[in-house]
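**Q** Each residue of the sequence shown is one higher than the last, beginning at 1 in UniProt numbering.
Because the hints were derived from the structure by calculation, they are not lab data.
Keep in mind that the hints are not guaranteed to be accurate.
[Said to hold, decoys possible] Computed beta-carbon distance windows for the label pairs:
no., residue 1, residue 2, range
1, Glu369, Pro573, 42 to 50 Å
2, Gln303, Ala336, 24 to 32 Å
3, Glu235, His361, 33 to 41 Å
[Stated by the list, open to error] In silico EDC-like links for lysine to aspartate or glutamate, alpha-carbon gap of 16 Å or less:
no., residue 1, residue 2
4, Lys65, Asp324
5, Lys48, Glu234
6, Lys574, Glu552
7, Lys231, Asp175
8, Lys433, Glu409
9, Lys123, Asp105
10, Lys95, Glu84
11, Lys48, Glu235
12, Lys231, Asp221
13, Lys61, Asp324
14, Lys574, Glu497
15, Lys242, Asp318
16, Lys586, Glu497
17, Lys576, Glu494
18, Lys231, Asp271
We put the CB at the ideal spot given by N, CA and C, even for glycine.
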Amino acid sequence: MNPTLQQTNRAPRTAVRRSRSSAVRVLATAAPVAPAQADAIADRSGLKHLSEAARTRATDKKANKFEKVKVEKCGSTAWTDVFELSQKLKDGNTKWEDLNLDDIDIRLKWAGLFHRGKRTPLKFMMRLKVPNGELNARQLRFLASSIAPYGADGCADITTRANIQLRGVTLLEADTIIRGLWDVGLTAFQSGMDSVRNLTGNPIAGIDPHELVDTLPLLRDMEAMLFDNGKGREEFANLPRKLNICISSTRDDFPHTHINDVGFEAVRHPDSGEVVFNVLAGGYFSIKRNVTSISLPCSVTEQQLLPFTEALLRVFRDHGSRGDRQQTRLMWLIEAVGPEKFCALVAEYMGNGTVLAPAVHVHHDQPWERRNLLGVHPQKQAGLNWVGACVPAGRLQAADFDDIAAVAEQYGDGTVRITCEENVLFVNVPDAKLPQMLADPLFKRFTASPGPLLSGMVSCTALELKRARTVCSGNQFCGFGLAETKARAVKVVEMLEAQLDIPRAVRIHFTGCPNSCGQAQVGDIGLMGAPAKLDGKAVEGYKIFLGGKIGENPELAKEFAQGIPAVESVLVPKLKEILIKEFGAKEKVIA
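Full structure from sequences and hints, please.
**A** Pasting the structure below:
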C-alpha cells in the first residue's frame, strides 16, 4: 500500500480538512479578484446553470448545507478532481489527511465514489450506471478485475435500481477504474447526489412477448442525452435532489413506476392504437415521508420522451426547493404548483408551442398477475429463452462476474440483464442448450427456479421464498444502517425454508434503515432496521411491514410491528408466525 494511504490513529472524518469557505464568501469575496480568477471561480460554482430564482434559493440563508457545498464548488468538478486527487496520492506528495472533506465525503459522489468513513475508512463504494440493467461479457469481466485486487474487501452488489455497486475501491485506483469503465461502455459519473440515478426499464426488453415497446433503445438514448455518453452533463449536475426515472412497457410494471420520481407507463391508445406514455411522478421513500406517484394529466409520444424528460429536469432544477433536505424531492414541487401547472411548465420548457396530450385511460377486462422472471421462459423470438437466476442478497464476488460472463457467452448471446429484485437473467438461450446450461455449476450458487421446459422438475415453495428476497447492504458498509441485512437475510431465510412449507411466493424485503434502499414498503413482508431492546439492552432490530403490492394497483406495506430484536431466537419465530397466519405456511413434518 502507498504510505500516504496508511490509516492514522485519528478517524478520517476529523483528519481530513474541511473547507471553511461559505457559498456567499466564495462568490462575493471582499478581497480583490482578478477577472480571470473570478471567471474560474464562477465556472466551478454550482450556480453556473441555475436560473436567477434558483440561484436565490441556493444562496439563501435557509438553503441546506449541501446547497452551500454546491455553490462553493459544483459537484461536476469531481469529474476532473477525481483524476487529480488519485494522481496526487500516487505521486506521494499528498497525504490523505490533507484532502478536503467536502470533496471526499460529498463531491466525489458526483463521480460515483461514496466514502464510507464510518464503516470502511479510506475505502469507497463505487456506484455505476447500467441503463435497463444490461451488461455484456466484456463488462462483467472488467467488473471482476476491478474488485479482485481488494481481496476480502472487494465485492459487488446488484441494487434495487438494477445497477451495480463495487465495494472496497480506493482513491488510489479510482482513476484507473473510471477509465476502464469508459473503455467498456460504462460509467460511474452522476450516479450519486443531486443527479438522475440509474435508468430502469423492462429487464426482458426486446424479448418480452407482452411488451408494448422495447425500453432498451429508449433508455440508451436517454442515458446518452442525460449524461453525455457517460462523461457527465454539467447542466443536470445541480438538481435540488436526486431523481429516479423509469420506463414501464408492460402491465407487470417491472421497474416500479409507483415509487419513482418519474415513471413513463406505456399504454396503447384505445382510439388511435398508437403506443404512448402516461406520466406518473413523485414517488419516493425517505426517513420522513413515503409516498407513491401520482398520475400527471398528460401523456407523451415516443418522440417526445427525451424532450419531455430534458424539460422536466430543467423545471425541477429551476423551480424546486433548495431548503429543508427532506422537502426537496420532485413531489414537493408538484404539490406546490399543482399537477396541471407542472405539466404546463414542462410543455413551456419544451418550446415550439408544445401542447401535451391528456393522459390516456385504458380499461382492462381482466386483472394481470405480475410475472416471475426467474426460471426458464420462452422469448417472443421462437426457439429462444431467458433464464432467470437467483443471486442471494444480490451479492457478487469477482469470480461470480467471471462465471456469469462465461455462461452468458457459452449458452446465450453474451449479455445478461440484472433486475430490480437483484437477480440475473441470461437471454437468447436456444432450446437445445437449456439442459446443459442448467447443469452448469453456476446454477448451484445462483439457482434457477425450474420451469415447464425442464421435465421432472417442480418449483418448490422454499425456493419461491428465497428468490423473492431483496436487501440493501445494511450496516456492513453503510453508515446509515441500523441493522445488518445481507448476511442475516440469507441465514434467516434458510432457517425459515428449513422449518416451513410455504404454499406461494412471498417477497421479503430487508432494508437497514428508513432510507429504505431495500424498499421494505413494497414487500409482502418488509423488515426495516430500527432500534430494539432485548433483556433491557439496546440491540439491532427491525420494524416489520406487511402487505406491499407491486405490478398493477400497487400498494405500500403498512407497519405491523416494531422493535423486534434482530437476533435469530426472536426474529425467526416472529417471521414464522407471520408466514403461518398471513401466508398459509405450515410447519414441516420431520419424518
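**Q** Now, for every hint given, state plainly whether the structure supports it.
**A** So, going through the hints one by one against the coordinates:
1. Our hint of 42 to 50 Å for Glu369 and Pro573 is violated, since their Cβ atoms are close to 31 Å apart.
2. For Gln303 and Ala336, the Cβ-Cβ distance of about 30 Å falls inside the hinted range of 24 to 32 Å, so the restraint holds.
3. Evaluation of the 33 to 41 Å hint for Glu235 and His361 yields a pass: the beta carbon distance comes to about 35 Å.
4. Only pairs whose Cα atoms come within 16 Å are accepted, and Lys65 paired with Asp324 is accepted, the gap being roughly 9 Å.
5. The suggested pairing of Lys48 with Glu234 holds, with an alpha-carbon distance near 9 Å, which does not exceed 16 Å.
6. For the hint pairing Lys574 with Glu552, the CA-to-CA distance comes to about 30 Å; that exceeds 16 Å, so the pair is violated.
7. Restraint check for Lys231 and Asp175: satisfied, since their Cα atoms lie roughly 13 Å apart, inside the 16 Å limit.
8. For the hint linking Lys433 to Glu409, the alpha-carbon distance of about 12 Å falls within 16 Å, and the restraint holds.
9. Between Lys123 and Asp105 the CA atoms are separated by roughly 11 Å; this keeps the pair inside 16 Å, and the hint holds.
10. Straight-line distance between C-alpha atoms of Lys95 and Glu84 comes to about 13 Å, which keeps the hinted pair within the 16 Å bound.
11. Using a Cα cut-off of 16 Å, the hinted pair Lys48 and Glu235 holds, with the two alpha carbons roughly 8 Å apart.
12. With a CA separation close to 14 Å, the supplied pair Lys231 and Asp221 stays within the 16 Å bound.
13. In summary, the hint linking Lys61 to Asp324 is supported, as the alpha carbons are separated by about 11 Å, within the 16 Å threshold.
14. A threshold of 16 Å between alpha carbons decides the hint, and for Lys574 with Glu497 the separation of about 14 Å falls inside it, so the pair holds.
15. Pair hint Lys242 plus Asp318 holds up; C-alpha atoms about 14 Å apart against a cutoff of 16 Å.
16. Between the alpha carbons of Lys586 and Glu497 the distance comes to roughly 11 Å, so the proposed pair stays at or under 16 Å and holds.
17. Of the supplied pair hints, the one linking Lys576 and Glu494 holds, its CA atoms being roughly 12 Å apart against a limit of 16 Å.
18. Restraint check for Lys231 and Asp271: not satisfied, since their Cα atoms lie roughly 42 Å apart, outside the 16 Å limit.
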